[in-house]
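Undergrad: Chain by chain, the residues:
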Amino acid sequence: MTNKLSVILIVLLYSFCIHQIAWAQEIPKHDMLYKKDGDGVGCMIQEVLDDRMKYKLADNPDGPVYNILKSDVLLAIKSDGSFLVPANPASQWVQACSQDFHKIITTESQVIPAKFVDSSGDQVKFQEATADKENILGKKEVLAIAYKTGEISLLAPPKEAAAGLGKVASFNTFSSKAVRDQLKLDKVDYEYFTQLALDKADKLGFYLSELCNKKADDFDKKASEENAIKLFKHDSTWVTVSSLNKEEHQRYRIREYLRRIRMLAYDQVELQWRNIDYITKLRLGPDGNYYGIITIQQLFRGFIDGKVQYQDVTQKDIEVMLTTYKVEKNGKEELIWDVFLSDIGVQQTKEK
Amino acid sequence: MRFHIRFSFLFLLILPELVLGQIRNSGEEENFVFQVKQMDEFIDRFNNANYTPIKKYLKEKYKIEDVNRSDLIKGLFNQQDQDWKTEEIVEFLADVTENKPPPYLDFYDKGWYAELDCAGLYKNKKENFTLVLSIEIIEATGGAKWVIEGVSADFLKIPPIKDYRKGLNPASYGTDFMGLIDALADTANYQNYISSDQQPSQLLLFFDELYEKKLVFKQVNRITYHFLQIDGWAFQVKDFNRNTKNSGWLISSLSQVNEAEKKIYREKILFLK
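Going down the list, the protein sequences come from chains X and W.
Counting with my numbering, you get residues 30 to 381 for the letters of the first sequence.
Counting with my numbering, you get residues 756 to 1028 for the letters of the second sequence.
Quick caveat, the hints were computed from the structure, so don't treat them as lab data.
Hints are not guaranteed to be accurate.
The list that follows gives simulated cross-link-like pairs (lysine-lysine, DSS-like), each with its CA atoms no further than 27 Å apart [what the hints assert, rightly or not]:
#, chain 1, residue 1, chain 2, residue 2
1, W, Lys880, X, Lys275
2, X, Lys188, W, Lys855
3, W, Lys811, X, Lys177
4, W, Lys865, X, Lys107
5, X, Lys310, W, Lys818
6, X, Lys177, W, Lys810
7, X, Lys275, W, Lys973
8, X, Lys243, X, Lys336
9, X, Lys244, X, Lys232
10, W, Lys855, X, Lys99
11, W, Lys810, X, Lys310
12, W, Lys814, X, Lys310
13, W, Lys900, X, Lys144
14, W, Lys855, X, Lys107
15, W, Lys865, X, Lys310
16, X, Lys65, W, Lys900
17, W, Lys973, W, Lys811
18, X, Lys83, W, Lys855
19, W, Lys912, W, Lys1028
20, X, Lys355, W, Lys900
21, X, Lys310, W, Lys912
Computed footprint of chain X on chain W, listed as stretches where at least three residues anywhere in the stretch have a Cβ under 8 Å from a Cβ of chain X [unchecked claim]:
#, stretch
22, 792-802
23, 840-851
24, 898-905
25, 941-948
Quick list of the computed label-pair ranges, beta carbon to beta carbon [stated by the list, open to error]:
#, chain 1, residue 1, chain 2, residue 2, range
26, X, Leu86, W, Asp872, 53 to 63 Å
27, W, Ile903, X, Asp264, 41 to 51 Å
28, X, Asp218, W, Asn947, 34 to 44 Å
29, X, Asn96, W, Gly987, 24 to 34 Å
30, X, Lys83, W, Gly987, 20 to 30 Å
Note that the coordinates shown come from a computational prediction; the quantities given were computed from them, not determined experimentally.
Backbone N, C-alpha and C fix where the C-beta goes; we use that ideal spot for every residue, glycine too.
Work out the full structure: start from the sequences and follow the hints.
TA: Below, the structure is given as structure tokens:
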């Protein structure tokens, strides 16, 4: 029994030592050059010239200075964690990770900030900076881990790692995996939400023209107003209004704006939105929602006694927000992503 | 050679009208397509991104499959300005299209700024002031936000120091800094008691006045974007509101500047430290 226990202890001690050795190899305390032939050289980089690099061997710091063509070096990593892809002439040193978070660089060249990371097993376990629970990536999905202490550990062969790291311009520009997972904003979703945003802008244009319609009855107008409000996330949304006769823009909350549209002092109003097909990229804001802008043209004509009294063409910028709201499904609360219209600005007003 | 470059450039300047605008019956809708409607679109056209509305339109309406980046960037200059230095534009185009790899603009780049001419009320009087904003990435989420980096307002004056000799003397520690009693009452010379790294700025004054409700923000009148992230160059982009194809957010000025000059540009034009 004692013998068995000793064997187990020896095996455990041995595995621990092996693990420590492997770890030490992954995170060197000196500079590293990974050459095209696959060799890694522990060194102290002396100088980086236009065409070559100069270095001394880490185990012979008083020895000679060696030269190597940059085109023969896949990846150079300094002991402080900054790295360079020398074979790429445009590559510049990417500074080491900030001290706030570790950074996991995936095979898709995405940089995920993590509070904690453990790559000792078959997988990379981590807690993302913004998440409460642990997350897991397969080791094949990870190129490298940049620890907040400065070191970089490669999990992929140097050639693959260099190709991926070459696309990382900064450790501070990264994707949030938690947000991506939550939203699953892949190409199909992105196109769906951008089209949905354009559809909602189109609907708003329709409701506005209905509100202006002097022949429509009050019941229909009220319905149009309520339907228009539903297109917005909240009724504290601002709408900016411009006029050819005034330099100063006016701002109204959406309900007040809709009321004013309904009450316009013309016998007849023509209001048409057109060119509703341009939307900027949706970008993640500070509150976890995505934001973009739709730019449209509004044609406005006001008639009195059958004659045009005022007309203009206005370019309007509508902020769109991709956000979540809670719904109850089978007794459970679920978060649903949807696009809403938000503040409406005015860019240009021209005489028609 | 010089003639050749000039000839090529002149030809190419016309080319956008020939290629992008074999288009006689322009009309308002077509102008809207050509107009650079947002800075996003400006950046996409500068980078010759695949999905710009103009490329889609040219392909669908005129069967033009391929527009080169140089032509697209030329279309981003305000072509109604007669004072462009042709050689400078040629050099700029070569730098941004022929360098390996060519420089591209990224919305999240550092080094581009929005300068906002604003109107407000200061002590109930109409006043104009300038805000300079830039994009900041939030490390914890990967999201981004615009942040105010600088303010310039004639009505926000930092009072000059009256007596440069005033300050907490080196022996102040010996009296447990009793000198602070007089120092903090000496408001005419308060800069003397503050670290030279932390001198008062118009930005702080601006927020003080907002907080005190003496200043009320009204509206943004005009915006100029400053792009300083391309090596050796700085350019400004403004909105040209006109019913032509060459309209919207366009390059209004271009300067060849080195890093030292960019530092001065940031300090003098953008009021940044």
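Undergrad: Take the hints in turn and mark each one as holding or not.
TA: Outcome of the hint check:
Under the criterion of a C-alpha separation no larger than 27 Å, the hint pairing lysine 880 of chain W with lysine 275 of chain X is consistent with the structure, at around 19 Å. Of the pairs offered as hints, the one joining lysine 188 of chain X and lysine 855 of chain W holds, with about 22 Å between alpha carbons and a cut-off of 27 Å not exceeded. Restraint check: the Cα-Cα separation between lysine 811 of chain W and lysine 177 of chain X comes to about 45 Å, which exceeds 27 Å; the hinted pair is violated. Taken as a hint, the lysine 865 of chain W and lysine 107 of chain X pair is honoured in the structure, with Cα atoms around 24 Å apart against an allowance of 27 Å.
Proposed proximity of lysine 310 of chain X and lysine 818 of chain W is supported: the alpha carbons are some 26 Å apart, at most 27 Å. A distance of roughly 44 Å separates the Cα atoms of lysine 177 of chain X and lysine 810 of chain W; the hinted pair therefore is violated under the 27 Å criterion. Using a Cα cut-off of 27 Å, the hinted pair lysine 275 of chain X and lysine 973 of chain W holds, with the two alpha carbons roughly 15 Å apart. Among the hinted pairs, lysine 243 of chain X with lysine 336 of chain X is consistent with the structure: their alpha-carbon atoms are about 15 Å apart, no more than 27 Å.
Between the alpha carbons of lysine 244 of chain X and lysine 232 of chain X the distance comes to roughly 20 Å, so the proposed pair stays at or under 27 Å and holds. A hinted pair counts as satisfied when its Cα atoms are at most 27 Å apart, and lysine 855 of chain W with lysine 99 of chain X qualifies at roughly 16 Å. Proposed proximity of lysine 810 of chain W and lysine 310 of chain X is supported: the alpha carbons are some 16 Å apart, at most 27 Å. With a CA separation close to 21 Å, the supplied pair lysine 814 of chain W and lysine 310 of chain X stays within the 27 Å bound.
A threshold of 27 Å between alpha carbons decides the hint, and for lysine 900 of chain W with lysine 144 of chain X the separation of about 23 Å falls inside it, so the pair holds. With a C-alpha separation of about 25 Å, the suggested pairing of lysine 855 of chain W with lysine 107 of chain X holds against the 27 Å cut-off. Of the supplied pair hints, the one linking lysine 865 of chain W and lysine 310 of chain X holds, its CA atoms being roughly 18 Å apart against a limit of 27 Å. Proximity of lysine 65 of chain X to lysine 900 of chain W is assessed by CA-CA distance (about 41 Å); at most 27 Å being required, the pair is judged violated.
A hinted pair counts as satisfied when its Cα atoms are at most 27 Å apart, and lysine 973 of chain W with lysine 811 of chain W does not qualify at roughly 38 Å. For the suggested pair lysine 83 of chain X and lysine 855 of chain W, the alpha carbons sit about 24 Å apart, so the restraint of at most 27 Å is met. About 17 Å separates the Cα atoms of lysine 912 of chain W and lysine 1028 of chain W, which keeps this hinted pair within 27 Å; it holds. Of the supplied pair hints, the one linking lysine 355 of chain X and lysine 900 of chain W holds, its CA atoms being roughly 25 Å apart against a limit of 27 Å.
For the proposed pair lysine 310 of chain X and lysine 912 of chain W, the alpha carbon gap of about 40 Å is over 27 Å, so the pair is violated. Against chain X, the stretch 792-802 of chain W contributes 4 residues with a C-beta closer than 8 Å to a partner C-beta. That satisfies the three-residue criterion, and the hint holds. Counting residues of the stretch 840-851 of chain W whose beta carbon lies closer than 8 Å to any beta carbon of chain X gives 0, which falls short of the minimum of three for the stated coverage. Figure legend: the stretch 898-905 of chain W, annotated as covered by chain X; annotation consistent (3 residues with Cβ-Cβ distances under 8 Å, at least 3 required).
Here the stretch 941-948 of chain W counts 0 residues with a CB under 8 Å from a CB of chain X, which misses the bar of 3, and the coverage is violated. Under the hint 53 to 63 Å, the C-beta atoms of leucine 86 of chain X and aspartate 872 of chain W, about 60 Å apart, fit the expected range. Isoleucine 903 of chain W and aspartate 264 of chain X have their C-beta atoms about 28 Å apart, which leaves the hinted 41 to 51 Å range violated. Roughly 59 Å separates the CB atoms of aspartate 218 of chain X and asparagine 947 of chain W, a value that falls outside the hinted 34 to 44 Å.
Taking 24 to 34 Å as the suggested C-beta distance range, the pair asparagine 96 of chain X and glycine 987 of chain W conforms, at roughly 30 Å. The hint said 20 to 30 Å for the Cβ distance between lysine 83 of chain X and glycine 987 of chain W, and at roughly 28 Å that hint holds.
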